[in-house]
Amino acid sequence: MLERVSGALALVGSRTITALQGMGQAWALLMASAASLRNADVWLPHLVPQMARIGVASVPIALFIATFTGIVMSLQASYTLTGTIPVYFVGTLVGKTMILELGPVLTALTLAGRVGANISAELGTMRVTEQVDALETLAYDPLAYLVVPRVLAAILMFPIVVLLAIALGIGSGWITALQLLDMSSPEFVKGLRLFFLPWDVWFAVIKSVSFGAVVTGVGCYFGLRTERGAEGVGRSATRTVVVASMLILCLDAFWAATLL
Amino acid sequence: MERRREALVGLVVLLGIAVGVVGTIWLQGGLRRDMVELRAATANVGQLVAGAAVRFRGVSVGRVDAVAVTPGGEAVMVHMSVRPELALPADAAVLLAPESVFGDWQAEILSLTELDLPYFVDYPEDGVLPGAALPDFSRLTATADEIARNLTVISERFQIAFTEQTALQLRSAIENIGEVSDGLSEIITQQAARFEDLSEGVNASAAELGAAARVARTSFERIDSIIGSAGAGEMLGDAGAVLSNLRSLTDELNSSLGDMRAAARQADTTFARFDALLAAAETGDGSVGKLLGDPALADGAIEAVQELRALLADIQENPRRYLSFSIF
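As you go down the protein sequences, you meet chains A and B in turn. 572 is the number that my numbering gives to position 168 of the first sequence; each next residue is one higher, with no gaps. 27 is the number that my numbering gives to position 18 of the second sequence; each next residue is one higher, with no gaps.
If we strip away everything but chain A, and leave its shape as in the complex, we get:
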């Protein structure tokens, strides 16, 4: 009995220590990466390629998801608002939801799977194949070479992708309202503009910047901590997606509580 209790306590203690170690290592990685910003000659040449990989290459999947999100939002809004509520509130609901929530969050979750897992797997592979060690041997700053351009590219490109996703989501919701619902463009635009504030767009941009940093940062962290070969790479990719998704949702709640 005593052994079981002590075993359980040891499990809790080890998990807590591991979590705290992880947080500490992540903080150390963040600080080291910030310090690596001064090595611009190392990370700058890789910034645009990473922007292309992380941002431009993610646009199709982000737009695909946003399109169907807009369609579903419009249909569900019309279904929910049937009755006494004016139909132009479909525009309000689609616009507000896409700008404030679904555009940034769904795009970030999607990119957590695509970009985060990709970075984690890439860096994990480099780690298990000792390419990262080789960089250090060649006097390359691995953080400036591997982490900084990815994180900066995500910070720069996530808002772009999110803005495009928001625009397309609203557009698809608009077209759905015109084609599938008994609505006119003036009605939809009226609802769209009814409660619109420019701050809403800034809110989406701020959220997407933080989401980009989290997704790539978590991917880099788990990638650089990959161990035990291909199995470890897969585990790192999975952890990246899970942790990044959780952090995205936590950050989403944090920004909503602090900025709105």
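Hints listed in this document are in silico derivations from the structure and should not be mistaken for laboratory results. Some hints here could point you the wrong way.
[Claimed, not checked] The list that follows gives simulated cross-link-like pairs (lysine to any residue, SDA-like), each with its CA atoms no further than 25 Å apart:
id, chain 1, residue 1, chain 2, residue 2
1, A, Lys-500, B, Thr-33
2, A, Lys-594, B, Thr-33
3, A, Lys-594, B, Val-45
4, A, Lys-500, B, Ile-163
5, A, Lys-594, B, Leu-95
6, A, Lys-500, A, Gly-411
7, A, Lys-500, B, Leu-95
[Unchecked claim] Just some of the chain A residues that point at chain B, by a computed CB distance under 7 Å:
id, residue
8, Ala-456
9, Pro-464
10, Leu-568
11, Met-587
12, Leu-601
Ideal placement from N, C-alpha and C gives every residue a C-beta, glycine not left out.
Once you have looked at the hints, place chain B on chain A.
The following block gives chain B in isolation, referenced to the frame of chain A:
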């Protein structure tokens, strides 16, 4: 390859920025650089928020930029941007009201003469329009709730007061009211009949008066014609003479009446004395009374009268016995 990738990244970045900027501007209602700022002071703004529509005669002419409490806290200042070509009325005011029942509010520019609400705030600053806000639905709901509670109290009191006995009394009262109503109806019917008779009489009287008036008019016309004729002066002269004779006759009658009044007064005096005499006789005072009251005296008087008569007869038969006539 590298150049192509960079171009692609640049395109996507620019496209994203353009979408964000243009979309924001479009959702705001377009570029608003050429807008004119308006300010209005209200006691409260209800549910009005920045971005709400500003309307003039139902047309959207701008947006609400900001809502802020004045430094003194006595009012709320609503900052608006409206189209520069908008011609405001001289007595323009801003009414904040719900745009729909779902919480979206609007600021409507109107003329105070159109809607003279008593609670427009007149802020003592140039360029600030007076403003007012209609009660929002929460206030209406609160008022309705208060009314409902009052109704509940009234209902409870009514339930307490309205017992079975009250119902019976009420029924009896209603029956009494019915009887009274029937009586009143009957009285009214009778009075109506009387009024009809009266009105008929009035009508007849009015007709007669009308006829009399016509006759009078005819008479007056005739009098006018007579007065206006040539023999009127002579007739008037005759009438004056007759009146003069009547006046003299009246004077004579008056003097005769005065004499008659004097004679009547003397007769009254005589009768009074006679009454006194009779009273004295009845009481036995005086000679006549004693005469009337004493039979012996009466007999004596009779005898004296008889002797006097005998004496007179003897005198007449033998005058020389009693009379002697000589000159010297």
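For each hint, the structure was consulted:
| no. | hint | verdict |
| --- | --- | --- |
| 1 | A/Lys-500 <-> B/Thr-33 | holds, 12 Å |
| 2 | A/Lys-594 <-> B/Thr-33 | holds, 14 Å |
| 3 | A/Lys-594 <-> B/Val-45 | holds, 22 Å |
| 4 | A/Lys-500 <-> B/Ile-163 | violated, 47 Å |
| 5 | A/Lys-594 <-> B/Leu-95 | holds, 22 Å |
| 6 | A/Lys-500 <-> A/Gly-411 | violated, 50 Å |
| 7 | A/Lys-500 <-> B/Leu-95 | violated, 31 Å |
| 8 | Ala-456 | holds, 5 Å |
| 9 | Pro-464 | violated, 11 Å |
| 10 | Leu-568 | holds, 5 Å |
| 11 | Met-587 | violated, 16 Å |
| 12 | Leu-601 | holds, 5 Å |
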